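Peer 1: All chains should be built: construct the whole structure from the sequences, respecting the hints.
Residue numbers (this note's numbering), protein chains in the order written: chain A, 1 to 300; chain B, 1 to 300; chain C, 1 to 300.
The hints are simulated quantities; they were obtained by calculation from the structure and are not laboratory data.
There could be a bad hint or two in this list.
Unchecked claim - No farther apart than 25 Å at their CA atoms in a straight line, the calculated lysine to any residue pairs in the SDA-like style are these:
#1 A:K263 / C:T265
#2 B:K217 / C:S211
#3 B:K124 / B:R268
#4 B:K258 / A:S277
A quick note: this is a predicted structure, and the numbers were derived from the prediction, not measured.
Okay, here's what each chain looks like letter by letter:
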Amino acid sequence: MALRAALRNKCGLLSQLSSCGSHGRVCVSPVLVTQWRNSSTSSKIKVDFDQSTGVAVMHMQSPPVNSFSLDFLTEFCISMEKLEMDKGCRGLIITSSQPKVFSAGLDILEMYGKSPEHCGEFWKAVQEMWLKLYSSNMVTVAAINGSSPAGGCLMAMTCDYRIMADNPRFSIGLNETQLGIVAPFWFKDTMVNTVGHRTTEISLQLGTLYSPSEALKIGLVDQLVPEDQVLTTATQSVTKWLAIPDHARQITKSMMRKQTIDKLTSSREADIQNFVSFITKDSIQKSLRMYLEMLKKRRG
Amino acid sequence: MALRAALRNKCGLLSQLSSCGSHGRVCVSPVLVTQWRNSSTSSKIKVDFDQSTGVAVMHMQSPPVNSFSLDFLTEFCISMEKLEMDKGCRGLIITSSQPKVFSAGLDILEMYGKSPEHCGEFWKAVQEMWLKLYSSNMVTVAAINGSSPAGGCLMAMTCDYRIMADNPRFSIGLNETQLGIVAPFWFKDTMVNTVGHRTTEISLQLGTLYSPSEALKIGLVDQLVPEDQVLTTATQSVTKWLAIPDHARQITKSMMRKQTIDKLTSSREADIQNFVSFITKDSIQKSLRMYLEMLKKRRG
Amino acid sequence: MALRAALRNKCGLLSQLSSCGSHGRVCVSPVLVTQWRNSSTSSKIKVDFDQSTGVAVMHMQSPPVNSFSLDFLTEFCISMEKLEMDKGCRGLIITSSQPKVFSAGLDILEMYGKSPEHCGEFWKAVQEMWLKLYSSNMVTVAAINGSSPAGGCLMAMTCDYRIMADNPRFSIGLNETQLGIVAPFWFKDTMVNTVGHRTTEISLQLGTLYSPSEALKIGLVDQLVPEDQVLTTATQSVTKWLAIPDHARQITKSMMRKQTIDKLTSSREADIQNFVSFITKDSIQKSLRMYLEMLKKRRG
Numbered sequence: 001m002a003l004r005a006a007l008r009n010k011c012g013l014l015s016q017l018s019s020c021g022s023h024g025r026v027c028v029s030p031v032l033v034t035q036w037r038n039s040s041t042s043s044k045i046k047v048d049f050d051q052s053t054g055v056a057v058m059h060m061q062s063p064p065v066n067s068f069s070l071d072f073l074t075e076f077c078i079s080m081e082k083l084e085m086d087k088g089c090r091g092l093i094i095t096s097s098q099p100k101v102f103s104a105g106l107d108i109l110e111m112y113g114k115s116p117e118h119c120g121e122f123w124k125a126v127q128e129m130w131l132k133l134y135s136s137n138m139v140t141v142a143a144i145n146g147s148s149p150a151g152g153c154l155m156a157m158t159c160d161y162r163i164m165a166d167n168p169r170f171s172i173g174l175n176e177t178q179l180g181i182v183a184p185f186w187f188k189d190t191m192v193n194t195v196g197h198r199t200t201e202i203s204l205q206l207g208t209l210y211s212p213s214e215a216l217k218i219g220l221v222d223q224l225v226p227e228d229q230v231l232t233t234a235t236q237s238v239t240k241w242l243a244i245p246d247h248a249r250q251i252t253k254s255m256m257r258k259q260t261i262d263k264l265t266s267s268r269e270a271d272i273q274n275f276v277s278f279i280t281k282d283s284i285q286k287s288l289r290m291y292l293e294m295l296k297k298r299r300g
Numbered sequence: 001m002a003l004r005a006a007l008r009n010k011c012g013l014l015s016q017l018s019s020c021g022s023h024g025r026v027c028v029s030p031v032l033v034t035q036w037r038n039s040s041t042s043s044k045i046k047v048d049f050d051q052s053t054g055v056a057v058m059h060m061q062s063p064p065v066n067s068f069s070l071d072f073l074t075e076f077c078i079s080m081e082k083l084e085m086d087k088g089c090r091g092l093i094i095t096s097s098q099p100k101v102f103s104a105g106l107d108i109l110e111m112y113g114k115s116p117e118h119c120g121e122f123w124k125a126v127q128e129m130w131l132k133l134y135s136s137n138m139v140t141v142a143a144i145n146g147s148s149p150a151g152g153c154l155m156a157m158t159c160d161y162r163i164m165a166d167n168p169r170f171s172i173g174l175n176e177t178q179l180g181i182v183a184p185f186w187f188k189d190t191m192v193n194t195v196g197h198r199t200t201e202i203s204l205q206l207g208t209l210y211s212p213s214e215a216l217k218i219g220l221v222d223q224l225v226p227e228d229q230v231l232t233t234a235t236q237s238v239t240k241w242l243a244i245p246d247h248a249r250q251i252t253k254s255m256m257r258k259q260t261i262d263k264l265t266s267s268r269e270a271d272i273q274n275f276v277s278f279i280t281k282d283s284i285q286k287s288l289r290m291y292l293e294m295l296k297k298r299r300g
Numbered sequence: 001m002a003l004r005a006a007l008r009n010k011c012g013l014l015s016q017l018s019s020c021g022s023h024g025r026v027c028v029s030p031v032l033v034t035q036w037r038n039s040s041t042s043s044k045i046k047v048d049f050d051q052s053t054g055v056a057v058m059h060m061q062s063p064p065v066n067s068f069s070l071d072f073l074t075e076f077c078i079s080m081e082k083l084e085m086d087k088g089c090r091g092l093i094i095t096s097s098q099p100k101v102f103s104a105g106l107d108i109l110e111m112y113g114k115s116p117e118h119c120g121e122f123w124k125a126v127q128e129m130w131l132k133l134y135s136s137n138m139v140t141v142a143a144i145n146g147s148s149p150a151g152g153c154l155m156a157m158t159c160d161y162r163i164m165a166d167n168p169r170f171s172i173g174l175n176e177t178q179l180g181i182v183a184p185f186w187f188k189d190t191m192v193n194t195v196g197h198r199t200t201e202i203s204l205q206l207g208t209l210y211s212p213s214e215a216l217k218i219g220l221v222d223q224l225v226p227e228d229q230v231l232t233t234a235t236q237s238v239t240k241w242l243a244i245p246d247h248a249r250q251i252t253k254s255m256m257r258k259q260t261i262d263k264l265t266s267s268r269e270a271d272i273q274n275f276v277s278f279i280t281k282d283s284i285q286k287s288l289r290m291y292l293e294m295l296k297k298r299r300g
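Peer 2: Written as structure tokens, this is what we have:
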């Protein structure tokens with residue numbers, strides 16, 4: 001709960017996590033790959049950092065579908081903050097260790113049958129995930145090696161570049177309306193910045209999930225490769241981006257994204273209130289229950 | 001004139017039209033198709049409402065080319081308001097009963113040789129048409145079964161989805177500059193939201209009319225089908241959109257369009273003044289006269 | 001220096017250049033082609049004006065690569081102002097007299113090892129070039145008959161229409177980050193208006209230079225033709241655009257571009273300060289020196 005509480009503050013997480021100690025990396029060899037583990041024993045995210053290249057790989061490993069629970073988001077934000085503070089880390093690849101799925105997005109169990117306080121805390125963590133990733137100084141590449149609906153799609157769109165496995169059984173999109181819920185304005189803004197206004201209007205209203213080839217066609221992903229080449233291609237992409245001087249790339253990135261980020265930063269509290277009052281409605285809770293029961297049946 | 005006067009008020013039209021009575025539909029059978037007729041004997045718009053599907057079809061039937069006269073626009077707005085207030089009506093298809101044309105757009109006779117007061121009243125009705133359609137809670141589909149220049153194109157762009165007859169003799173676009181007049185900012189905004197900034201810049205300046213295949217390519221329409229399948233395809237599309245929960249779709253639609261709508265709502269009076277002072281200029285009136293004479297010759 | 005000083009003022013340049021005299025064109029014959037030369041003996045821009053068509057052609061002739069030096073920009077702005085004031089001149093084609101290059105963009109020698117005052121004066125001239133071209137009442141067409149990186153790409157994007165030579169050895173793009181510098185917000189805005197947000201984000205960060213066919217695909221240029229047909233095609237394009245009534249086209253163009261122009265106009269001084277403090281940094285000066293040395297070696 002200490003980690004969760006930290007999300008309530010604007011100041012950095014790391015400063016409050018002295019028990020985590022330093023990064024724990026040893027500069028022995030430029031090819032040494034150091035694996036981070038947070039103090040938590042059940043880590044939902046594994047970070048491999050290659051000091052020789054300056055590139056970290058985040059493996060999401062939260063079975064079964066890398067749902068964004070409050071614990072997951074907290075761990076994600078702490079990892080981001082560690083990497084961001086490390087001058088040697090210039091690039092980040094996000095991928096999944098789970099089969100067939102990149103991430104299923106927000107964990108519905110954090111919104112169903114929970115107190116308004118809990119829902120608000122959860123939403124603040126979702127905001128924080130997006131803010132940290134969309135404003136990252138690192139080159140960020142999504143290695144989308146499985147389906148990526150809703151919040152999973154958001155995470156991918158929030159990166160600088162998207163490589164997806166060319167498997168027609170995978171899909172990606174902001175499908176919130178299909179569940180009877182609504183993507184907030186900053187999900188929408190991120191999508192408009194990625195695929196333009198018209199495609200966003202139609203796909204957000206219909207909650208469209210796109211096949212990889214459709215996603216490529218509308219610009220929702222940048223590149224398709226065979227499933228077993230997603231990570232290697234992501235590594236090559238990061239290398240290409242890192243050939244650009246960091247300061248020029250970072251200023252340019254900030255110039256492209258600042259307005260969108262400021263919009264949420266200046267209205268976080270109102271956005272949380274808006275989410276809480278929406279999600280705690282009886283009709284919405286009923287929609288979530290029906291969806292959860294449908295999921296149970298499918299798995300049963 | 002009572003109907004026209006009603007357009008001057010912000011409050012709903014129906015409240016002032018007690019003589020129109022209720023919708024006049026009888027809930028006898030779910031497959032019953034009820035045809036509405038406004039109190040006016042010479043109806044310019046025929047509305048078929050299918051209670052079993054919740055979908056209404058508006059047939060524009062104002063010979064020869066469904067021009068948006070003040071009477072037409074007044075009738076359109078009243079029909080929209082009726083449908084919007086009917087909880088059972090969730091989808092709307094707009095199509096034409098005239099051969100070869102969807103709509104030729106604004107009726108030039110309402111702007112040529114008319115008083116500033118009349119021009120202002122007319123422009124307010126054009127604004128109202130756009131506001132009602134762009135902010136509609138219904139799923140709106142344009143079944144474009146003929147040419148659709150200027151205001152006709154605007155009406156189509158204002159819907160949620162556009163299906164056009166794949167007939168190379170038909171065309172669609174905002175061709176105002178070719179007539180020496182100018183599309184106002186909210187026509188422009190609607191087009192930018194549909195096809196993006198660059199395509200809008202080039203096509204508005206040149207007043208480009210696109211063939212159906214060109215229109216599909218730039219995203220001005222969403223789908224092409226043979227002429228005799230436009231309406232059935234529109235019906236299938238509406239069905240697909242109505243599978244999404246109304247409240248989630250409506251909130252999402254509003255989020256996508258609110259900013260554009262607010263821009264006109266907050267400057268309607270200035271926009272009217274701007275239009276009136278432009279259209280009543282001698283040079284513009286001369287352009288309109290030349291255009292009308294050209295039309296006469298073409299038909300003669 | 002008088003010309004340069006004039007750039008500091010908001011009022012027109014010509015009013016302060018009485019020594020330049022009138023345009024020096026004689027209305028003898030409608031097919032007469034008059035060549036302008038500015039008072040400067042070493043003209044960097046040659047303007048051919050065809051009174052019969054109302055179209056001027058600007059030939060950039062500043063060896064070796066039409067770099068935008070302060071002198072070049074000053075001459076460009078004066079030429080623009082002359083043409084703009086001439087009611088008979090309705091269209092402008094910009095092209096290069098140098099082989100293989102349209103323009104290499106900003107002259108680095110104006111930013112390297114120069115005083116803050118000089119850098120500020122230079123930047124004001126770059127702003128003025130863009131403001132004059134982006135807000136021009138004339139139809140402006142870029143006849144891109146060679147490579148067009150950085151500021152050269154900006155000049156092309158600032159026109160109404162872009163025709164490029166279909167030679168795979170030519171390239172175009174805003175490649176500033178590759179040099180360790182950053183395109184300012186109005187370069188970015190111009191690119192977003194041309195190719196959209198996502199393509200701008202990726203190409204500005206990577207400093208991508210596109211081949212003509214790639215540039216066509218993303219919408220960075222509008223048309224590709226064989227190298228020897230660039231100018232004739234540009235002439236045909238201007239003719240097509242001039243078929244539209246000037247006043248309607250001009251109002252429409254202003255409507256599309258006003259917001260972007262106002263953004264710079266209302267923050268010119270801050271933008272200059274921002275540029276000066278950035279470009280005079282030791283680290284940036286070092287980047288520029290390395291780039292200049294690389295250029296020397298390449299040519300040597």
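Peer 1: For each hint, tell me whether it holds in the structure or not.
Peer 2: Outcome of the hint check:
1. A:K263 / C:T265: holds (24 Å)
2. B:K217 / C:S211: With a Cα-Cα distance of about 23 Å, the restraint between K217 of chain B and S211 of chain C holds, given a limit of 25 Å.
3. B:K124 / B:R268: holds (8 Å)
4. B:K258 / A:S277: holds (21 Å)
In summary, this structure violates none of the numbered hints.
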